[in-house]
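Q: Listed here are the chains, written in short residue letters.
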Amino acid sequence: MGTVNSGDTAWVLVSTALVMLMTPGLALFYGGLVRRKNVLSTIMHSFFMLGLVSVTWVLWGYSLAFAPDAGFGLIGGLDWVGLEGVTGAPSGTYAPAIPHLAFMAFQMMFAIITPALITGAFAERKRFKAFVLFSVLWSTLVYAPIAHWVWAPDGWLAGLGILDFAGGTVVHLSSGVAALVAALVVGRRLGLVRPATEPHDVPMTVLGAGLLWFGWFGFNAGSALGANGVAATALVTTNTAAAMAALTWVTISWLHRGTPSVIGAAIGAVAGLVAITPAAGFVTPAAAILIGFGVSIVCYGASLLRLRSRVDDALDVFAVHGVGGAFGAVATGVFATTAVNAAGRDGLLAGQAGQLLIQLTGAAAVAVYSALMTAGILALVNLLVRIRVPDEAETAGLDLAQHGEVAYGA
Amino acid sequence: MIIAALVAFGALLVCWLLAAPEPDAGRQPAAAATAEPIAPDLVQAA
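In order, the protein sequences belong to chains V and D. In this text, residue positions in the first sequence follow my numbering: the first is -11, and each later residue adds one. In this text, residue positions in the second sequence follow my numbering: the first is 17, and each later residue adds one.
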């Protein structure tokens, strides 16, 4: 067991706060994209998640994700239920220079935002009770095991050698695939017509994207778990990929639609942030530019495909987080180099094609597991609490029908 | 202590699922029942 380093600890605690801010940022990002009669319910999905998963993470989530393995590298045991034995002293396993509680809190913020990301898929039509039950079950049965597979040293994907610096597979691919399944199960919104119309508050969405970008410095650079060169690398690659992706998305939409879209800039930046997440501490800034460039092309294409499908993933969670997360996982296998991070591994361009295969295996496993478990959880929730609000509630808007409040005066 | 904390959270969960009333879907004042356009679409808007 190591000694607490004050600089490392300060950085991880600040990063924890930065990542916490991402969830309200997500609330604004999503809130601006829905119709005004559903803005409160959309914001509530993220804000309530801060409370919900904060408590479940302390009670059992952290233990299932990070406690010593309960068998086959699939899930953690119950040793740390209620944070029993998790103290201000460093962990013998995780981040030896910071308090174990700081590591736990940092991971908690990831656990909160991941199910919150899914909520964009079923916006404007999901019953609040169903959302609560789904979130508890998904966080417990999907997020915690996948986090264990990838980030616990005795997880099976960690054993294979998967590289996921800050959650490309654990956070974004898992939630993106779950969003696609949720959109299919919950069904399309009533009266959905094309061409679709504009979000109700674009400045709110851009403010949310700005907060996400800001918080992402904690998400990625904080994942170095220390105030060091890897953290600096992650911060620079994060900003670079987000910037390049925003520029690329705006350019594509400009060519495609005829105008340089503000919403396109916000979505493009988020896509870049998603894609660089698994790679942030393993690649060079130049690679980050290529990742940002590539992910916007791929995600923009995915959005177009979604438009032509019957799937009503209301806020394009799959196209941005699912596709972007998978792209980032693969890109990590291409661009990773130990010249950047000696604790990492070399990827395809550094002569190790096998790493790309590991990344593909990990991404496929996470996607399949998330899809199957999400479908099962939604079926169970629908048995206990109907998932979808009645038609009249959907017509009235969820703010009033589900929460008894409205966002704006008449 | 941990058991008590689990019980406290479990009590909330039971309340949410069983005891909390289903909101009244019939409330539709003029502010909510608008002819607002359907569904933002990211790519269309972008």
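It is worth saying that the hints were derived from the structure and are not from the lab. Backbone N, C-alpha and C define an ideal beta-carbon position, used for all residues, glycine too. Honestly, I wouldn't trust all of these hints.
Negatives, chain V to chain D, calculated, CB over 10 Å [what the hints assert, rightly or not]:
(1) V69
(2) G70
(3) E72
(4) G392
Restraint-style ranges between C-beta atoms, simulated for each label pair [to be verified]:
(5) P141(V) <-> A24(D): 14 to 24 Å
(6) V23(D) <-> G179(V): 37 to 47 Å
(7) G(-5)(V) <-> C31(D): 42 to 52 Å
(8) T383(V) <-> L34(D): 24 to 34 Å
(9) A341(V) <-> V23(D): 22 to 32 Å
(10) V23(D) <-> S297(V): 21 to 31 Å
(11) P37(D) <-> G246(V): 41 to 51 Å
(12) I18(D) <-> T326(V): 38 to 48 Å
(13) W242(V) <-> A35(D): 15 to 25 Å
(14) Y396(V) <-> C31(D): 23 to 33 Å
(15) L28(D) <-> L278(V): 20 to 30 Å
(16) L9(V) <-> L28(D): 23 to 33 Å
(17) E393(V) <-> V23(D): 26 to 36 Å
Q: For every hint, state whether the structure bears it out.
A: Tested hints:
1. V69: At roughly 6 Å from the nearest Cβ of chain D, V69(V) sits no farther out than 10 Å, so the non-interface label is violated.
2. G70: Contrary to the label, G70(V) does not stay out of reach of chain D, its closest Cβ about 3 Å off (not over 10 Å).
3. E72: violated (6 Å)
4. G392: The claim is violated: G392(V) sits with its nearest Cβ about 6 Å from chain D, within 10 Å.
5. P141(V) <-> A24(D): 14 to 24 Å: Violated: the Cβ-Cβ distance is about 33 Å, outside 14 to 24 Å.
6. V23(D) <-> G179(V): 37 to 47 Å: holds (44 Å)
7. G(-5)(V) <-> C31(D): 42 to 52 Å: holds (44 Å)
8. T383(V) <-> L34(D): 24 to 34 Å: holds (27 Å)
9. A341(V) <-> V23(D): 22 to 32 Å: violated (53 Å)
10. V23(D) <-> S297(V): 21 to 31 Å: violated (45 Å)
11. P37(D) <-> G246(V): 41 to 51 Å: holds (50 Å)
12. I18(D) <-> T326(V): 38 to 48 Å: holds (42 Å)
13. W242(V) <-> A35(D): 15 to 25 Å: With Cβ atoms ~53 Å apart, the hint is violated.
14. Y396(V) <-> C31(D): 23 to 33 Å: Roughly 30 Å apart at Cβ, these two residues keep to the hinted range, so it holds.
15. L28(D) <-> L278(V): 20 to 30 Å: violated (47 Å)
16. L9(V) <-> L28(D): 23 to 33 Å: holds (25 Å)
17. E393(V) <-> V23(D): 26 to 36 Å: holds (31 Å)
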